[in-house]
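Engineer: Protein chains in written order, with our numbering: chain A, 1 to 347; chain B, 1001 to 1109; chain C, 2001 to 2358.
Accuracy of the hints is not assured; some may be wrong.
[As the list claims (entries may be wrong)] Not close to chain B: a few residues of chain A, all C-beta gaps over 10 Å, as computed:
#	residue
1	A26
2	P51
3	D273
4	L322
[Said to hold, decoys possible] Chain C stretches covered by chain A per the calculated footprint, using a threshold of three residues with CB under 8 Å from any CB of chain A:
#	stretch
5	2070–2076
6	2232–2246
[Said to hold, decoys possible] Which stretches of chain A does chain C cover? Using the computed rule of at least three CB atoms under 8 Å from a CB of chain C, they are:
#	stretch
7	89–103
8	122–136
9	140–153
10	192–202
11	239–250
The set of hints was computed from the structure by calculation and includes no laboratory data. Ideal Cβ positions, reconstructed from N, Cα and C, are used throughout, including at glycine.
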Amino acid sequence: MQTNEGPAAGAGLPALDDLAPDLSCAFYRDMLTARLLDTEAIALQRQGVFPAYVSLRGQEAAQVGSAAALDRERDFVFPTYREMAVALTLGVDMVGYLASHRALWHGGLYDPMASRFGAVNAVVGGPVPHAVGWAMGERLAGRRGCAISYFGDGASSEGDVHEAMNLAGVFHVPVVFFCQNNQWALSVPNERQIAGGSVAARAAGYGMPGTAVDGNDAAAVYRATREALERARSGGGPTLIEAVTYRVEPHSTSDDTTRYRKAAEERAWRERDPITRLRAAMRAAGHAGDGFFERAEREARATAEQVRDGVSAAPEPAGEDLFGYVYREPTGELARQRRVWQEEVLP
Amino acid sequence: MTMAQHTLELPDLGEGLIEATVLEWLVEPGAGVERNQPLVEVETTKSAVEIPSPCAGAVARLHAAEGDVVRVGEALVTFDVAQDAGIVGTVPAQERKPTRRVRLKPPEE
Amino acid sequence: MTGVTVEQERAAAVPAGPGTTELSMREAVNRALHTVLGEDPTTLVFGEDVGRLGGVFRVTDGLQRAYGEDRVFDTPIAESGIIGVAVGLAMNGFRPIPELQFDGFCYPAVDQIVSQMARMHYRTRGTAAMPITVRLPSFGGIQAPEHHGESLEALFAHVPGLKVAAPSTPDDAYHLLLQSVRADDPVVYMEPKARYWERGPVALEENRATPIGSSRIARHGRHATLIAWGAMVQRCLQVAELAAEDGVELEVLDLRWLKPIDADGLVSSVARTRRAVVVHEAPLTAGLGAEVSALITERAFRDLAAPVQRVTGFDVCYPAGPSNRSTCPRSTASCSRCNGRWSSDDHGPTHLRTARPR
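The following block holds chain A by itself, in its conformation from the complex:
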């Protein structure tokens, strides 16, 4: 059994002084909606609707705070598979997003290109160099967009992440590497994952700024991401952000945390809940009161239930789609196999 103390995830209140109340209210609405939708998604798995689901509970501040800093018209997100709150913040069609977890289509049923939120990707580390390539393209085309790559502490061990960061450093491209260090890569804790103990510290080796931020503080995450994006947009190259947070739920609905971590640790992190902390800070700063929180809860619940019912009822894609997207210019052989499918499998 290992115990992870979050070095940068404190229990104090997020500082909201430089944030407009509108912004903290938006954070709160998105974080709460993500939380309630996450809860519904776990239930859908238990009820047999989703074969499996990966919860982001506890990581709402890291995801919403960073996504809120993005320019939705110009930037592009390269997620892995636990970025539901990022998708929500960016306005991705959430029924289409959760369709990935209902196993209707691997990458989800939303339009990743139009949403500027890449397809759900199950290979940890795999999409990180894509962000570098996209950012390189942005610079070559003379545009001002930035790429942001979401990955976790586990992915930070992957060779692709090293290659991507080195490439980004060499080419000085506008990309933000956003590591959500949620302490546990499935059952393996940070100390068995991250030699040296810090993902952010690795930035120095790539010639880019690296910063560790309290990932349960939406305002701090927002500020760090905004700063990194401003630097990237103005030609200052890549940044690595390590948002220190905690995966409160098991890795997936098939996982059992009692085999590898202590309940006390989970309890301690639940006390640093990002939503509770944000609510307290908003009250203290006078950003919102009971009326707002009650309304936010009502609206978030309605949205979560609407998405839940939507994804539960979503029609399965046509079977032909299996063949329709393998190639843009289909081969004769695949057309033949499609006919075989129609004749022998479909009836």
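Given chain A, put chains B and C in place with the hints provided.
Structural biologist: Only chains B and C this time, still in chain A's reference frame:
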């Protein structure tokens, strides 16, 4: 509003599991339930989990006793529900018996 | 690398015939890259040493000077990163042409090729096109160190979402590369490095309309079809030459596209010759020869007078320089024997590489 019955069958709770053991019932027959209210704690070879109710209604029948092993796809709970209640949940269909499409003929000679 | 310098190659230049230009395969690939870089501003050439040096085989020689460091650039040694970057560039509207320096060093990139490049179009339900051409100097015969000569066509041909090309002549090297780059699907383009320096006529101006997946009859014959791709086509032509001395007329079918495979072309050739031999450098077991053999057996069984045979490398690691003479593929005798018909022409372990008309 007319009433109907809905039966929750044990879903595959962990990517390829075939059964679960009932640890503890959290509801009893006749009890009203809300959607997502915990119904039962079951244990699979991977973990112990609570199954939340897929609907609002009343518990009509529990199909297994504590300690029973229930196979995926077997009935777990039957509810009395309003006819138009949103019901969710799918269970991997019992593998159908293969049906014949063609008749074979041994090679001649 | 090959023991042949650029100067020697240039010295061997021959005048171009009418409508064609005499080029080495290296030059033909280079000209194709010039063509696509010139016609489409979204094309980009990048990889290890492809910029200032012009590539270890000088295939990209002069491209950086002509098109600038933004469009032709060196990367760090990061094969996976190179393909990953290509995927991201494609998602941003570019048409990348990455080079992986040697086939044996592409294994680190296989995850990006298979899990990302080949599937992104599918994963995104067609919203993200992946018009990427991965240039992969391939196959053996250059007596290089380990991992500088492999034969990986079966690996890539097995992957849904990929197309795979392996030209054998300068003319095909030019036209197949144009097709690959202009296509909107990812192509693994396997250049036979042992053939880089050999010359042949290239119809640079011709607008080739042959579809992706078409094969080519490299030599007509009526007694058996030898099926090959890449460097082995030349070997098969040499064998056919020898066989002709004995009155055996071998057809040589250059597959050119290893995915999709020209099944109709195979069937139509075998319908004429009634015998087929597949020749490849790669190891026997689960090699592409098995696929070709199965295709012919499934679709042309009644035309066959004898079982389809495979003449391939052995199931061993690709051998070090000198000993690769003694392995893949083997002798003219192997080719001859395998139809159980012309066994008198057995000169022992004469390697195809050294076979020459007597």
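Engineer: The structure should be examined with respect to each hint, and the outcome stated for every one.
Structural biologist: For each hint, the structure was consulted:
1. No Cβ of chain B comes within 10 Å of the Cβ of A26 (chain A); the nearest lies about 27 Å off, and the non-interface call holds.
2. With a minimum CB-CB distance of about 6 Å to chain B, P51 (chain A) fails to clear the 10 Å threshold, and the non-interface call is violated.
3. No Cβ of chain B comes within 10 Å of the Cβ of D273 (chain A); the nearest lies about 20 Å off, and the non-interface call holds.
4. Residue placement check: L322 (chain A) keeps its beta carbon more than 10 Å from all beta carbons of chain B (closest about 19 Å).
5. Interface restraint, the stretch 2070–2076 of chain C with chain A: holds (4 residues with C-beta to C-beta distance below 8 Å; minimum three).
6. Coverage of the stretch 2232–2246 of chain C by chain A is violated [criterion: at least 3 residues with CB-CB distance below 8 Å; count 0].
7. With a cut-off of 8 Å between beta carbons, the stretch 89–103 of chain A has 0 residues touching chain C; three or more are needed, and the interface restraint is violated.
8. Using a Cβ-Cβ cut-off of 8 Å, 12 residues of the stretch 122–136 of chain A lie near chain C, which meets the minimum of three, so the contact claim holds.
9. A count of 3 residues in the stretch 140–153 of chain A with a Cβ less than 8 Å from any Cβ of chain C is obtained; the coverage claim is therefore met, three being the minimum.
10. With a cut-off of 8 Å between beta carbons, the stretch 192–202 of chain A has 0 residues touching chain C; three or more are needed, and the interface restraint is violated.
11. Check on the stretch 239–250 of chain A: 0 of its residues sit with their Cβ under 8 Å from a Cβ of chain C, so the three-residue criterion for coverage is violated.
Violated hints, in rising order: 2, 6, 7, 10, 11; the structure is consistent with all others.
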